[in-house]
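Undergrad: Given chain D, put chains F, E and L in place with the hints provided.
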Amino acid sequence: MRLSVQSDAFDLGAESNAFMAAAAPAGAVVTFTGIVRDNQGILQAMEIEHYPGMTDRAIAAMMEQATARWSLTDALVIHRHGRLLPGDAIMMVATAALHRAEAFAAAEFLMDYLKSRAPFWKKEIGIDGADWVAAKDTDEAALTRW
Amino acid sequence: MRLSVQSDAFDLGAESNAFMAAAAPAGAVVTFTGIVRDNQGILQAMEIEHYPGMTDRAIAAMMEQATARWSLTDALVIHRHGRLLPGDAIMMVATAALHRAEAFAAAEFLMDYLKSRAPFWKKEIGIDGADWVAAKDTDEAALTRW
Amino acid sequence: MIDILYFAWLRERIGVPRERVQTEALTVRDLIGELVARGQGYDLAFADMTSLRVALDQELSEFDAPLAGVREVAFFPPMTGG
Amino acid sequence: MIDILYFAWLRERIGVPRERVQTEALTVRDLIGELVARGQGYDLAFADMTSLRVALDQELSEFDAPLAGVREVAFFPPMTGG
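If you read the sequences in order, they're chains D, F, E and L.
Using the working numbering, read the first sequence as starting at 1 and increasing by one per residue.
Using the working numbering, read the second sequence as starting at 1 and increasing by one per residue.
Using the working numbering, read the third sequence as starting at 1 and increasing by one per residue.
Using the working numbering, read the fourth sequence as starting at 1 and increasing by one per residue.
Derived from the structure by calculation, the hints contain no laboratory data.
We put the beta carbon where it would ideally sit given N, CA and C, even for glycine.
You may find that some hints are simply not true.
[Said to hold, decoys possible] Facing chain D, from chain F, some residues (calculated, C-beta under 10 Å): (1) 11; (2) 15; (3) 17; (4) 25; (5) 26; (6) 29; (7) 89; (8) 92; (9) 94; (10) 96; (11) 107; (12) 115; (13) 116; (14) 142; (15) 144.
One chain only, chain D, in its complex shape (with noise of 0.2 Å):
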């Protein structure tokens, strides 16, 4: 288990690669990755703020319950804060598990529990100025199903 909360950016690939290179005896691997969109041209860049201290007790405990709860062989973690351009990839979850199921299973609870539980909060720097991102209503109401 890996969780790493860092400005500087990761490499998809590389990382995907060690995963499954350590992910024995998982028989399926799941990643996410997570992309700042530029909204039709609106977006210039997305700057993250975070709870330095709380980040990474937050995700850890999300991801020892998620361990436990779909038999992980492994789990990865990653999570930029800082400012970010369009196309950059904010942040990555990966599974492994014996099954698929599980592996999906546990990458969407990571990621339902990332965006409603780990203490970032993201603003949006635009052409027509700068606003926080609202939480939505569906990212709470997605914790209900775990």
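TA: Just chains F, E and L now, kept in the frame of chain D:
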């Protein structure tokens, strides 16, 4: 949209990076990778037979269905045939969509259909002999949710 | 004349991956009847119809489907891809 | 003495990312009352309690939670990670 049925190994990392680079305007990329498990050391190799003429058209039809249903910005399926060893990647799926729910659903849909509707047959070569892998009732049942 | 293909353990029981046959069968089920009558592994291969799938010209099909115009019939067990 | 941290638009409205305050508040809700009484952006920052989240010593908590023994209180809007 890209589809490859091949005997050669593929590089998950390189495929993931190339897929992500071309995924705009997607905000979400999901990959699934299936790996040959060694079943506690019992398995020596896996042989995958397929029906060359039918494989491509069956998978392309699934991908077109997934693309339309979840508004994917891109999709990728790579599936190997021939002789594989424990730890080898058998296949991968990648999906790109504006939002995570669509990317996850499309990847799971493609996996469920690849399992039971793409003409591949797996044979396990073990220390005690060889046996065709039996289709699982749970895999057939998984199709009913779509 | 029609091409018949066999995959996985059907291929192993029958002993060939494909063959070309002359048939009067109107449906897949009729064709299976003709093949089973040969004995020699065909009867064993087709013994359990619940474990049998058929594709006509590379599209999954049903046992009652007509063979008129079909050039390629493939028999195989339930698929195990992914 | 207790450390109070503010994030996102709470930080912007209040104007500082953190401060150390002397407080007699027994609960989070009492503490918010003391802060709002200062005016100066605090009233604006805490105007909509439905958009407010609180963490005590880096664990998500409730407004009625007691402050006894707590060293760090953080206020922020609903999180938007992922």
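Undergrad: So, for every hint listed, does it hold in this structure?
TA: Cross-check of the supplied hints:
1. Contact between residue 11 (chain F) and chain D, as hinted, is supported at the beta carbon level, the nearest pair being about 7 Å apart and thus within 10 Å.
2. Because the closest C-beta pair between residue 15 (chain F) and chain D is about 8 Å apart, less than 10 Å, the hint holds.
3. Given the 10 Å rule on beta carbons, the hint for residue 17 (chain F) holds: about 4 Å separates it from the nearest Cβ of chain D.
4. The beta carbon of residue 25 (chain F) is positioned within 10 Å of a beta carbon in chain D (closest approach about 6 Å), and the interface hint is therefore held.
5. For residue 26 (chain F), the suggested interface contact is upheld, since its CB lies about 6 Å from the closest CB of chain D, less than 10 Å.
6. Checking residue 29 (chain F) against chain D: minimum C-beta separation of about 4 Å stays under 10 Å; hint holds.
7. About 7 Å separates the beta-carbon of residue 89 (chain F) from the nearest beta-carbon of chain D, less than 10 Å, and the hint is met.
8. For the restraint placing residue 92 (chain F) at the interface with chain D, the shortest Cβ-Cβ distance is roughly 9 Å, inside the 10 Å limit, so the hint holds.
9. Because the beta carbon of residue 94 (chain F) sits about 9 Å from the nearest beta carbon in chain D, less than 10 Å, this interface hint is met.
10. At a threshold of 10 Å, the smallest CB-CB gap from residue 96 (chain F) to chain D is about 9 Å, leaving the interface hint in force.
11. Here the hint on residue 107 (chain F) is kept, as its CB sits about 7 Å from the closest CB of chain D, short of 10 Å.
12. For residue 115 (chain F), the suggested interface contact is upheld, since its CB lies about 8 Å from the closest CB of chain D, less than 10 Å.
13. Of the supplied interface hints, the one on residue 116 (chain F) is violated, with its beta-carbon coming no nearer than about 12 Å to a beta-carbon of chain D, more than 10 Å.
14. Taken as an interface hint, residue 142 (chain F) checks out: its beta carbon lies about 8 Å from the nearest beta carbon of chain D, inside 10 Å.
15. Checking residue 144 (chain F) against chain D: minimum C-beta separation of about 14 Å lies over 10 Å; hint violated.
The structure is inconsistent with the numbered hints 13, 15, although it conforms to all the rest.
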